[in-house]
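With chain Y fixed as given, assemble chains G and F onto it according to the hints.
For the record, the sequence lines run as chains Y, G and F. Per our numbering, the first sequence starts with residue 130, numbered consecutively. Per our numbering, the second sequence starts with residue 17, numbered consecutively. Per our numbering, the third sequence starts with residue -6, numbered consecutively.
Cross-link-like lysine to aspartate or glutamate pairs, in silico, EDC-like; alpha carbons within 16 Å at most:
id : chain 1 : residue 1 : chain 2 : residue 2
1  : Y       : LYS476    : F       : GLU234
2  : F       : LYS34     : Y       : ASP472
3  : F       : LYS87     : F       : ASP170
4  : G       : LYS90     : G       : ASP169
5  : Y       : LYS371    : Y       : ASP348
6  : F       : LYS34     : Y       : GLU220
Derived from the structure by calculation, the hints contain no laboratory data. Just so you know, these numbers come straight off a predicted model, no measurement behind them.
Now for the letters of each chain:
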Amino acid sequence: MKTTFALAATTALALFMAGNAAQAETLRLLTWGGYAPDNVIKLFEEANPDITVEVTLSNNEEMVAKLRATGGAGYDLAQPSHDRIFAAQQEYNIYKPLDLSKIETANLAPNLLDGVKANATIDGALYAVPHQWGTSGIVADISKAPNVKGWGDLCNPEYKGRTSMRLRRTILLGTAFSLGKDPFALYGDKAAYQTMLDEVTEKLIACKDNVKTYWNGGDDLSTLLLSGEVVVSEAWDSTAFKLYGQNKNLVYVPPETGALAWIDTFVIPRKGEADDAAYKWINFVMKPEIVKLMSDSTGAIAAVSNGIDLLPDDKQAAVKAAFDEQDLTNLKFFANIPAGLEDMEGKALERIKAATSN
Amino acid sequence: MHDLQCESLSKRFGAYTAVDSVSFAVPRGSFFSILGPSGCGKTTLMRMIAGFETPTGGDIRIKGRSVLSTPPNKRPVKMVFQHLALFPMMNVGENIAYGLRCRGENRADIARKVARVLDRVGLPGAAEKQVSQLSGGQKQRIAIARCMVLEPDVLLLDEPLGALDLKLRERMKIELKQLQHQFETTFLYITHDQSEALLMSDNVAVMNAGRFEQIGAPQDLYNNPKTGFVAGFVGDSNRWPGRALSVSDGKVRVAIDGGGEAIALAGDERIAAGGPVELFVRPEVISIGAGSGNGLEGTVESLLFNGASSRILVRMANGHLVEVGQAVMDGSVKIAPGETVAIGWSRSHGRAFSVAG
Amino acid sequence: MARTDIGKLSLILLFAPFALWIALLIILPQLGIGYISLREKVGPGEYTFGFANYIAFLSEPIYWNTLLRTAWMSILVTAMALAVGFPVAYYIAKIARRRARAALFLMCLIPLWVSDLVRAFGWIVILRETGLVSTFLQKIGLVGGPVELLYNDATVVMGLVYTVVLFMIVPLVSTLDGMDNSLIEAGYNLGGSRFTVFRRIVVPYAMPGIVAGCIIVFMLTAGSYLTPILLGGKNSMWFTEQIYEQFVTRYNWESGATFGVLLLVFTSFVVWLGLRLTGQSLASTVAKD
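Chain Y on its own, in the form it takes in the complex (with noise of 0.2 Å):
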């Protein structure tokens, strides 16, 4: 009885108190589609009942570009990829370094962690942790692609017209690999960069012929994918993991050259205004139990010790039928990028985009 009275005192309370923001903290996170799904947040507030969450989904160039715009006020979380940090921190000035005690980091990856910290670190400090990871492949519908290899297949003519890829800065690099390249190597000299991306702006022109049209996120992909319309295309392994729950035809092959993996992060906007329960949001998501929920929502792995095993069951079997252990050893995690490359790339784009075709 004295419980019940005391919860709805407090409900009440939360609810006086919500509109005054003083008391509640509100935790606004700027993330990716399917990463802060609905019963995550619900547990995370019953959780924490002082802390609402307002969620701004988005994409790598839409988050640096809004902090950027506000000089990285307005969110107080934000996931860009590992690669999207050091750049534009140098650059814009957007992000806050973390306090990693305030982390419970044993339960995270350490490779993966390393690797971030790799990445992340300016002058010292350290501005993100990893959160889940994936990969940037191929899937194909071996019902009537089987032989699909790697990323040269997207522009093999025996798929014509049943071809699609995201006209981003990743089907790129998995052409330069395609064609033998190590783009990552080449990241340091931009004359040699530059020639690269000639050569695979010319494979992508003449390629887009076969190409049936150029996806933008992963609704469309799965469109074109579960229609039939395109039974080769580039891919997110968690969109591909999804497809394969809903027909098992449509397979992720990670590339022959490797696949391209990219960790998403945690990173605290420079003017964000909830810096404690941003780092409550992070402890939470990264616990065993959650992150089951989480991978669930998004298909990716989370970067803790077992990300695999934390899996729901159909995803892990998607991916135990997609990797190997040398599939897994041959991944090619995306190098910090340096500044003025993505100019090119841009342009490299643009050109591709520009190209006619019919």
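Leaving out everything else, chains G and F in the frame of chain Y:
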């Protein structure tokens, strides 16, 4: 030879009959008016002649040839619209040249014809003016010039004076008549204003409820109306309801409702003793002072001075108000409101018509 | 004195929200965009001023080709919207009965009740290879296999015409509505054929409405984003997309701002050219009372 003939022309809109079997013929070069109250069907009649409406029955012939199958833009009739419909985006010259250009005439001819027609309507050199710069009367003349330059067989005019102010209207009546004379073209003029029709026309058709009541010269309609409607609609008239007492020799003895008797010409054949009639007497035939013929008594109520059309209003013993118009304001008769007077008029000046029902 | 002061004050207060709105939401951002477009980046966080961004635009054929293509397709869309909208407007204003008009007008409005995005997705569902049209054509045997109707210029133009045609119809209806029917009848009566009456009377009379509609439609089309990108797919190439790419994907605000200024200037120039060619002025068309 008639320029325009209509035979049993009818137009029905659903159950409503706008024009009911109308027949008439307009001789070449004459000024023919159709006079009637609004809603009598005269505009529909004109639109059928212009080709904007298809008749339900009957025939329209221009110079003897049926034009029913001729589209409006090929008919040799031109029309001056109620609000003139001058094209606002063209100047005066272009307005007039429009029809000539539609015919595909060459530039030199067009320029010459435009200049000449502007001369004839008294607006030489107005070709470059914008329509908005013209006065009401000038617009009128341009609207006519725009049609006349095409030398139509018949010119239709749809109450074109309606939008003008009174003074200008008076002047334009005369001007229109002169223009018609000058162009020697057949004019078919539609109006609800009897003074316009009487003043300008060679012949007038009085139209009521889709039918022609009477066709005739203005004097004829005025002096010898064939129906009560014509007697009441054409010119001013005193109008009293009554009852026929006896009919003989084309004359009727009428007992006026409320008291008094008068003898009048029988307007139609259907008058029978005992039947209801209406008695029409024009103000200008009634004079103050008992004379030969009919006489009644009354009290002067007011004097309405208006020059040639001045009136005395007399309230008669039977309660009716009478307008008296004959030679009253020349100062020869001294009269003041409140006086008891006798009024009188000749027996052949009153006219009685039977009332249906 | 006091009274006029109060009058003045209330006038100022009445105008304040409007003036603020114009200043804060239209003029200020434009000035900001203009300012950024003149900024040149020399290093991280270091800038100087100059026209380098404009020079960069001119020296890159992809950019000005996209701008020209956008303008050209917008003109095409405008022309088609006029061709489609004029008969509809004429029917609504001149032929339909009074009572039917409101209903017809409302029918033209219906597409505006759903957002741009939903409309574009509607087209995608209908036109995609496994969509309604393709399936239907296969069923009745007109085509042997699935046909892809998306991702080409014709689809983009059609989608845009559909989106903007209402903005053509509204000004046309209001101009044609003010036209006295007797002008048309006079046109026939004086010997004009249907075509002559249309060309020499109806069109000149409707010219202010035509020009107003064309300006609105052209500006809307040139500035549209979702429709050309979603329906154009891999071949869309719309200038607004370039602007978005510069701002968001490439973090290049300077060049994005430059593109924004150029789009504004260029479309204004096209409108000015159109007005000159048709002998109209803004005062006689868009600002017509």
